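**Student:** Chains as they are written, first to last, in our numbering: chain A, 1 to 380; chain B, 381 to 626.
For the record, the hints were derived by calculation from the structure and aren't laboratory data. Everything numeric in this text was worked out from a predicted model, so none of it was measured. Hints may contain errors.
Listed next, the stretches of chain B that the computed footprint assigns to chain A, with coverage defined by at least 3 CB atoms under 8 Å from CB atoms of chain A [said to hold, decoys possible]:
1. 462-468
2. 480-494
Heads up, simulated DSSO-like pairs for lysine-lysine below, C-alpha to C-alpha not over 27 Å straight-line [as the list claims (entries may be wrong)]:
3. Lys-276/A with Lys-615/B
4. Lys-500/B with Lys-517/B
5. Lys-276/A with Lys-466/B
6. Lys-517/B with Lys-497/B
7. Lys-466/B with Lys-169/A
8. Lys-485/B with Lys-500/B
9. Lys-179/A with Lys-571/B
10. Lys-276/A with Lys-497/B
11. Lys-512/B with Lys-485/B
12. Lys-500/B with Lys-571/B
13. Lys-179/A with Lys-169/A
14. Lys-485/B with Lys-497/B
15. Lys-571/B with Lys-485/B
16. Lys-615/B with Lys-571/B
17. Lys-571/B with Lys-276/A
18. Lys-500/B with Lys-512/B
19. Lys-466/B with Lys-517/B
20. Lys-466/B with Lys-500/B
The C-beta atom is built at its ideal place from N, Cα and C for all residues, glycine as well.
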Amino acid sequence: MTNIIDRRVLMRALIVLVVAAAASIAFGAWGSPAVASTVDTAVAHASAVSSETVATAPQVDTITQTAVEPDEEIGTNRYVQQFINGIVFGLLLALASVGLSLIYGTTGLSNFAHGEQVSLGAMLTFFFATQQPVSLPFVPVEFTIGWPLIPSALAAIALAAGTGWLQDKFLWSPLRRRKVSIVQQMIVSIGLSLAMLNFIQWWFGAERRRISTSIDTRIDMGVFTIGQTTLWSVAIAIICLAAVAYFLLRTRTGRATRAVSDNPALASASGIRVEKVVRLVWIMATGLAAVGGILLALYDNAAAFDVGARLLLLMFAAVTLGGLGQAFGALVGSLVIGVAVEMSTLWLGTDLKYAVALGILILVLLVRPQGILGRAERVG
Amino acid sequence: MSEASVETPVIVNADDLYAGYLPGIDILNGCSMEVREGELIGIIGPNGAGKSTFLKSLFGLVPIRSGSVTLGEDDITNLRADELVKRGIGFVPQSNNVFPSLTVKENLEMGTYQRPKSFKEQYERIGELFPKLVERKDQRAGSLSGGERQMVAMARALMMDPQVLLLDEPSAGLSPDRQDETFVRTRDINKTGVTVIMVEQNARRCLQICDRGYVLDQGTTAYTATGQELLKDPKVIELYLGTLGA
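Just chain A, with the same shape it has in the complex (with noise of 0.2 Å):
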């Protein structure tokens, strides 16, 4: 692996991460009369789940967002408590970034509908999850879904990968077969981004919507909390990322995707089936972004039908910190946004979180244009 992304790279961005958080502690410890009445969200997100009341009913039901008072936990340390949250909102954000960027690497195209795909996740599995009766157009047959969590995830997940399939055959490829510019496919993603928000909030409502009823268990791990599903999710999340970059460094299909994302037209020149690969990334993209959507509706209780669409900043915030079209890149500057995030929340208000992210992104690439991974290219 340290062949593919060099070891003085991966030094600097674990770097910038321990510097963050070390300043983001240090800091903290300076401020902390300033930070006493701040909400540690955390906390209220454990209170939040526990003050609920559960249906114990299959049926899965909708909640609105009520405000949750903190609730300080002994020995738990605040810094480290968002540090943590931090680490896991990148996490999941990572899993949605990912898929933006070889997308990004492998076609050009700056994916704005990225964000509805996983909206889609969280919709679907919500969809599958709920006991209703459903009948397919054209096929004479009717079945009750609502299944449990697990099948209804995974048929999400394929359901949501079947999109992104349909879309590079019928949309996306056919603009590139005919040279349609990037910029014009950049604006056609965003018609579609639209449209989809719009088919997603008319299908499921503007209702935030529960994907499971359990009770998230707190697991005390001395100077943090986690939830037990959260620790689920992160578990599910690192599989995934493992997954991708086994895929992109260790096989024959992943190799070729970088090697798409470095040059398609030396590519086929190759004997590599350019549009194949490009079918493939978006089949997998699609597929991470619902599972993504999914472990989020998760970790925050519950998803609306803007989930992907509010995160879409975020995701390309988190692409182009870590390096455009760098998958590993998506992933170090998520959880550098994840970390930013929610550390930002003890000092400053919850409105500004997403600003600060932005605000590193900006600060960034005044230093390193090329982002945390990329790499300025050797000239003649």
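Place chain B on chain A using the hints.
**Tutor:** Then chain B, alone, in the frame of chain A:
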């Protein structure tokens, strides 16, 4: 030099090609070429004559509007590049000819993408031709010098074990000693039985090593003869070779 004669079968035949990048604007205006098995063909001509376009049209990278290209008995006009690779044609572009984020070894692996089982055997064979690349197998291709990249590009194309190799200005941007090395290597590759079609700006050096040369002018084939004949042709000397390097 290889012993290609009139009895040797024709492997590539381009007949009266019209091609161009933009609709309605032809760069090639009736270009023809006949290449026999095992030949080393040099294509020279002034800037804008359509040399690179001709090579790219053979490889399906520029759409052919009229005319035909055959490989042996098969019509390969406007086939996709990956189809042509499957049929045994390798192409080395003039620039952007490596995958910068891939290591040298991974770049070579891409050469055997369609026949992954042959990688080990081809890697050993190429390792003997380009020992420097084996030494740098784990280095990112993007960090190599221009000459080294050119070497990787040629080696990648040879990993396909092609019957025909298309080289687009392989000496462009290289220092004189590296240029010499490139020409010698091209000759060596041809000696192993690979038919080579090479476009070159360094016309004199190209004609010195090639069996036959084609001189292109304004998208048409202006002259064709053996390399040695073209080197001595007063018209070619006056128009394309100049007298300084003679």
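**Student:** Work down the list of hints and note, for each, if the structure agrees.
**Tutor:** Checked hints:
1. 462-468: Since 3 is at least three, the answer is holds.
2. 480-494: Per the Cβ count (10), the hint holds.
3. Lys-276/A with Lys-615/B: violated (50 Å)
4. Lys-500/B with Lys-517/B: Roughly 14 Å between the alpha carbons, so the hint for Lys-500/B and Lys-517/B holds.
5. Lys-276/A with Lys-466/B: Between Lys-276/A and Lys-466/B the Cα gap is close to 16 Å, so the pair holds against 27 Å.
6. Lys-517/B with Lys-497/B: holds (19 Å)
7. Lys-466/B with Lys-169/A: The given pair, whose Cα atoms are some 24 Å apart, holds under the 27 Å limit.
8. Lys-485/B with Lys-500/B: This hinted pair holds, its Cα atoms lying about 11 Å apart.
9. Lys-179/A with Lys-571/B: Violated: Lys-179/A and Lys-571/B sit about 41 Å apart, past 27 Å.
10. Lys-276/A with Lys-497/B: holds (21 Å)
11. Lys-512/B with Lys-485/B: Since the Cα atoms of Lys-512/B and Lys-485/B sit roughly 12 Å apart, the hinted pair holds (cutoff 27 Å).
12. Lys-500/B with Lys-571/B: holds (22 Å)
13. Lys-179/A with Lys-169/A: holds (15 Å)
14. Lys-485/B with Lys-497/B: holds (15 Å)
15. Lys-571/B with Lys-485/B: holds (25 Å)
16. Lys-615/B with Lys-571/B: violated (30 Å)
17. Lys-571/B with Lys-276/A: Violated - the C-alpha atoms of Lys-276/A and Lys-571/B are around 36 Å apart, more than 27 Å.
18. Lys-500/B with Lys-512/B: Holds. Lys-500/B to Lys-512/B sits at ~17 Å (cutoff 27 Å).
19. Lys-466/B with Lys-517/B: At roughly 25 Å apart (the allowed maximum being 27 Å), Lys-517/B and Lys-466/B satisfy the hint.
20. Lys-466/B with Lys-500/B: holds (19 Å)
Checked against the numbered hints listed earlier, the structure breaks hints 3, 9, 16, 17; every other hint is satisfied.
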